[in-house]
Amino acid sequence: MAPCIHTSNTHLCQDDNSRFHYMNLFPDRISRTPIMKTSNSSSLNGDDVWVKMLEEAKSEVEQEPILSTYYYSSITSHPSLASALANILAVKLSTLTLPSNTLFELFIGVLQESPEMMESVKQDVLAAKERDPACLSYVHCFLSFKGFLACQAHRIAHNLWTQDRKILALLIQNRVSEAFAVDIHPGAKIGDGVLLDHATGVVIGETAVVGDNVSILHDVTLGGTGKQCGDRHPKIGDGVLIGAGTCILGNITIGEGAKIGSGSVVLKDVPPRTTAVGNPARLIGGKENPKMVEKVPGLTMDQTSYLTEWSDYVI
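Counted the way UniProt numbering counts, the sequence shown spans residues 1 to 315.
Note that these hints are calculated values from the structure, not bench results. Owing to the predicted nature of the structure, the values given are computational and were not obtained by experimental measurement. There may be inaccurate statements among the hints.
[To be verified] Below, simulated SDA-like cross-link-like pairs (lysine to any residue); rule was C-alpha separation at most 20 Å, straight line:
id	residue 1	residue 2
1	287	306
2	146	201
3	295	307
4	92	146
5	268	250
6	52	135
7	287	252
8	146	170
9	92	140
10	268	232
11	268	252
12	146	73
13	295	279
[Unchecked claim] Using C-beta positions, here's what the derived DEER-type ranges look like:
id	residue 1	residue 2	range
14	307	166	39 to 47 Å
15	231	136	48 to 56 Å
16	95	165	14 to 22 Å
17	65	144	15 to 23 Å
18	230	267	17 to 25 Å
19	227	79	21 to 29 Å
20	165	304	41 to 49 Å
21	168	116	35 to 43 Å
22	144	168	23 to 31 Å
23	66	280	17 to 25 Å
24	285	98	45 to 53 Å
25	170	116	16 to 24 Å
Just so you know, even glycine gets a beta-carbon here, dropped at the ideal spot from N, CA and C.
Put together the whole structure using the sequences plus the hints.
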């Protein structure tokens, strides 16, 4: 087995003090290309996100004055992105017996003490704007994309989980599941620049690890295979694209830059920069000489380029 290769994100680890390693399962056939952070020459950097959101909010209120109160309470009245995020999550996850002001105090405390978490939040906003053609603006993502909001609520829950505040972490998981139809265990580790596109039905298990710049469509399960305890969930490399309706089960590795076709059931490791499709999933080109993915699918969102000839697609 080849030596393990570090990812660039220190959040992705099997414990809180060491980096998670992705394994190059086929080192003689795979040349690695570094997968860069979300943001290209046409996008903002993380520091500009809040400033741009304030500008967008002002412009959108001018177009639709009926939204002035909503935008004021959600964005323009807040001194920072952390405050606005804590507020919108508190409002959306509150109940009659779990008031929004209580949740706000909890959320803002976690966010203000975790500047690295706020960097992850910014990268997620950029990811949605750059990769989802339905995203009209950064404000649109922030206010309306439940995949984005579910991911940020998970970041808070994971922070609480690692502090052994597990009851609160599990409460947040439950409310996110009820409010957004996204069920991410607070023990799961998620990198930066993650896009949960549509997000309905996404389930991510306790020991799963999701790398940087990963894009996941709706109705995806990163689950176990039974009643096993311990490390039992998938490890998803940087830049992976996972199509809608996919099940990835067990403590297996999806190599960085891989593509998983919609509706696939993956039960074995997938090498980096390859495409796996079907039930059970098989590599395009075969396992002896798999067809390599040239561009990072988690960034391009290209789900069909493996169909090189009409004969590959049968109706």
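Quick rundown of the hints versus the structure:
Taking the CA atoms of residue 287 and residue 306, the gap is near 15 Å; set against the 20 Å cutoff, the hint holds. At most 20 Å may separate the alpha-carbon atoms for a hinted pair to count; residue 146 and residue 201 meet this at roughly 11 Å. In summary, the hint linking residue 295 to residue 307 is supported, as the alpha carbons are separated by about 15 Å, within the 20 Å threshold. For a cut-off of 20 Å, the pair hint linking residue 92 to residue 146 stands: about 10 Å separates their Cα positions.
With a C-alpha separation of about 8 Å, the suggested pairing of residue 268 with residue 250 holds against the 20 Å cut-off. Our distance criterion of 20 Å between C-alpha atoms is met by residue 52 and residue 135, whose separation comes to about 15 Å. Between the alpha carbons of residue 287 and residue 252 the distance comes to roughly 16 Å, so the proposed pair stays at or under 20 Å and holds. The suggested pairing of residue 146 with residue 170 holds, with an alpha-carbon distance near 19 Å, which does not exceed 20 Å.
A hinted pair counts as satisfied when its Cα atoms are at most 20 Å apart, and residue 92 with residue 140 qualifies at roughly 16 Å. Under the criterion of a C-alpha separation no larger than 20 Å, the hint pairing residue 268 with residue 232 is consistent with the structure, at around 13 Å. This hinted pair checks out: residue 268 and residue 252 have alpha carbons roughly 6 Å apart, not beyond 20 Å. Annotation: proposed proximity of residue 146 to residue 73 holds, straight-line Cα distance about 19 Å (limit 20 Å).
Simply put, residue 295 and residue 279 have alpha-carbon atoms about 25 Å apart, too far for the 20 Å limit, and the pair is violated. The beta-carbon spacing between residue 307 and residue 166, approximately 45 Å, falls within the hinted interval of 39 to 47 Å. A hinted range of 48 to 56 Å is violated for the C-beta pair residue 231 and residue 136, which are about 40 Å apart. Remark: the range hint 14 to 22 Å for residue 95 to residue 165 is upheld by a beta-carbon distance near 19 Å.
Checked against the hint of 15 to 23 Å, the C-beta distance between residue 65 and residue 144 comes to roughly 19 Å, which is consistent with it. The beta-carbon spacing between residue 230 and residue 267, approximately 18 Å, falls within the hinted interval of 17 to 25 Å. Against the hinted window of 21 to 29 Å, the Cβ-Cβ separation of residue 227 and residue 79 comes to about 48 Å, which falls outside the hint. Against the hinted window of 41 to 49 Å, the Cβ-Cβ separation of residue 165 and residue 304 comes to about 44 Å, which satisfies the hint.
Under the hint 35 to 43 Å, the C-beta atoms of residue 168 and residue 116, about 20 Å apart, miss the expected range. Distance hint check: the CB atoms of residue 144 and residue 168 are about 26 Å apart, consistent with the given range 23 to 31 Å. In this structure, residue 66 and residue 280 break the distance hint of 17 to 25 Å, their C-beta atoms being roughly 51 Å apart. Range check, residue 285 to residue 98: about 51 Å between beta-carbon atoms, so the 45 to 53 Å window is met.
Take residue 170 and residue 116: their Cβ atoms lie about 23 Å apart, and the range 16 to 24 Å holds.
Violated hints for the displayed structure, listed by number in ascending order: 13, 15, 19, 21 and 23.
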